[in-house]
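Residue numbers (my numbering), protein chains in the order written: chain Z, 1 to 844; chain G, 1001 to 1142.
It is worth saying that the hints were derived from the structure and are not from the lab. Only a predicted model underlies this, so the values are computations on that prediction, with no experimental measurement involved. Hints should not be assumed to be uniformly reliable.
[To be verified] Using 20 Å as the maximum straight-line C-alpha spacing, the simulated SDA-like pairs for lysine to any residue come out as follows:
1. G:K1025 <-> Z:S740
2. G:K1104 <-> Z:E202
3. G:K1060 <-> Z:S740
The residues making up each chain are set out below.
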Amino acid sequence: MTNSLLGRIKSLLGFSTVPQLSLEELQRLFTEKYCNFRELLTANNNALEAMAQMENALHDGRAFSMAFIRSNATVISVNIYKMIQCLVTMADGRYGMLEERFADIQQQLDNIINHDVIKVEGRWFLPLHEATRELVDLAGEKMANLGEAGSLAGIRIPPGFVVTGSATRYFFQQNNLYPAINRIFQQTDPSNMEDLHERSNEVQSLIKRAPLPIDLEKQLYNQFDQLVQKSKTPVKLAVRSSALGEDTRQASFAGLYHTELHVDRDDLIYSYKSVLSSTYSSRAMIYRLTKGFIHEETIMCVGCLAMIDAVMSGVCYSQSISGRPGAMDIFFSAGSAKGIVDGTKDTQHYLVERSAPYGTIHQTAESSPADARLMDEWARDIATAAMILENHFGTPQDIEWSINKEGLLYILQSRPISVAGKKERDQVGKRAVNEHCLLQGEVTGCAGTASGPVFVVRSNLDVLRIPKHSVLVVEHPLPQWAPLLRKATALVAETGSEAGHLATIAREFGVPAILSAKGATKLVNGQIVTIDATNQTIYKGRVEALLQHDQPKNNPMDGSPVQKAMIDALQLISPLHLTDPTSPYFRSSCCQSLHDITRFCHEKSVVEMFDFGKRYTFKKGAAKRLVDNMPLEWWVINLADGFIEGFDSGSNYINISEIISTPMLAIWEGMHAYGWAGPPQASVRGMGSLFFQSTRQPGIDPAVPSAMVQKNYFLVSRNYCNLSVRLGYHYAMVEAYISSLRTERYVTFRFKGGAADERKRVGRVELLAAVLEHYDFRIEKAGDALTARVEKRSQAFLFNRLKILGYLTIHTRQIDMVMDAPGQYKRYLDKFLLDIEEMIANEK
Amino acid sequence: MSNYSILVVDDEADFRDIMIKKLHKRGLECEGAGDGDTALDMLNPNKHDVVLLDVKMPGKGGIQTLKEAKQKAPMTEVVMLTGHASVESGIDGIKHGAFDYLMKPMDVERLIEVLDAAYERKRTQMEKIELAQVKKHMAMPS
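Please model the complete structure; the sequences and the hints are all you need to start from.
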């Protein structure tokens, strides 16, 4: 403050407060400052690009992972830290407060983006009957539910044990798998299916190749042996996934993790590792990504259940997914349930009342009366168990069951139904049926309508080829096609029932699905069809009447942990509070977000560069007078390599042909493209105003001498030019850096002042803004001041912009005097645009 | 941008080889090292203009390698590249003189832009030192 006051007093008394530098010193200082300035600009661009990436990902509905958030947040933070370092260096140590603000915000951001792998502590093994909801962190969702179900009167579960999350963590840590997996994830492009498959295979083989620690292996075999001992008969296991977050109401992960059936002692280790590695199968990864699950929070526990020798198996929804009140669905077929959930087996359906005595409302089974009696009896058993489970868990359940040779019912899984029931057939659909019906299915997997080109998947390779927004057509609705639902607008399968895993996922993703549509794979690839899944009908072409009633799809990420982390992180990154550089609150201590810090650093660095000429004066001889026939004084200072080699540094004059600064040459070309028509014809009142302004503001009068005011200066290097101009009564400044690196290129223009009254001066600024916006500049206006910027465009584009600025610098002189006259604004606008179009026509 | 020399340090052999091949294709002189110690042995201040350095490597980590590289070859610029995004190591890198801290996967065109900029900084710094030396010899007033 004292220095500043002293400076002003000295200035008033006519003493210069800035040291005079030799040309070499000036050049060295400039080079240093400019190096920092350029690095700051690049860091600014990098940070803003990463911010935009995060904002776009949040708002355009795409799926994104924690790795994406972490990677971009790191780019932002590191680049902002670089900006602070550059600014502090440029400003000789000022703005130290920025580091404090940065550290504070960074700490908060760190808490959001850095999720350690969940610390699961406890036993490595749990007998299945000891698993409860309270031990969900150890046993995983599926086994915690099943274990607890087994404790209920009237519910029978198979004997077995759980290999807990604690064991998984031990195995992964012993083999250093977490850092290796994180590294692969960061480098995975989730939008590239091929890349995702490749990375998924890489991770899975890492896990399968890793040796199980000896102590864990020994105990795993012990658990198996104890089970055999208790059963007194040969035991084969079903080795099943039980991940944290799986089998919840929000996300079923239906069929996405691996299950190994008929596992004996020899296959135990391999099967265990296979189930663990399926955590990272591409279909599970895509599902987690789409649903916004945090990968570090996915811990796989493994259930090892004695196999049931099933005569019949199936799935029961304790609340019918048809939406029919008071009813439940039982789907079944002979043998195991695998064919039902894969959609490969013909499935029978019973619709049963939800209350005792659980009478059959409707059934599709064709069987002998004896079998039908037996089936009715089993259906009652299943319905009874289903209501016990629903009452216990407090929500409708999706239950897998088997009945063994002795007719005993075993519950194999009980989880909340993940989505609400489908809509009934609607009238709009019925009206459209007769129009262009191609095919009629039998089952609604997920209600809704959609349209798109057909894509029939026949092999795994087709997975990589499916175009976005296709109608996915498959023979069987296998869970392996789940990743395609992200790209598909609808699903059609030749077989399958509502109980299939893929149907469950289609409902979660809100993808309309028709199942049991015989002949669907004969549809032609690329043919446009409309799917009315509610009415199980496929139409030729787009049926707008149907599509108009389509509800917009929900974003599956809504409310997910990853989306929440993104929103929280962006709260610390994006909001911009420091918008007005002239505000007293435009201070480092007022930075509340990382965006504020970038804005502050950028603004202050620009000021540091623009004040370069003001802050340092130079000895005579540093500036060369440009030889020109324009009746104005142009002086050029070579800051680095802006003059031709061999230029006589002792000379006081320079010709334009001796200058090789490309930005300056472009400005110069624009200045000379057309002769200036002279001052506009102003009224007597207008001329009076001009004289009045001269007396009020001697600083704007070119007749008053001062270091950088009277003369017009170009500060140049080969790629850089800073032009300070006072023409008449306005001040203009053009600055540009145009090198081979696109990210560093920019053109900035500042304009202020005039001799006319404020309304007219503002009128001229409006005119300038209109022209510059027409040529893609970003404009900021405040009263009679204007700033225009354009960055990171091709060199040719930016050179043209400099020509435009050169042109405007000359031709807007004094026209503020006539800006209130009728038609003048338009006349000048038309003239400027016409001249400029002609001037840059050659480049086009 | 004229040709310059790069030392690629990464324990992932596949990544290192592909990177060397891609940089070679763009006319840059390039060689590789699989760990920090090998890189420090190979690092030649008169030869290597820029080091492209992985952050997480077994043995001597990227940050320690950076510190020692900056002692051995202060003018050689170091660009850090990592598959493990971490603000802490990023800031640590910048504090210890890294030119930039980048995330894998990195588009090769973008990477070359950064390497070019790093080389330009090195050249500018060298010119500054040369100028100061010339001035000193000629006893020019500063």
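For which of the previously enumerated hints does the structure constitute a violation, in increasing order of number?
3
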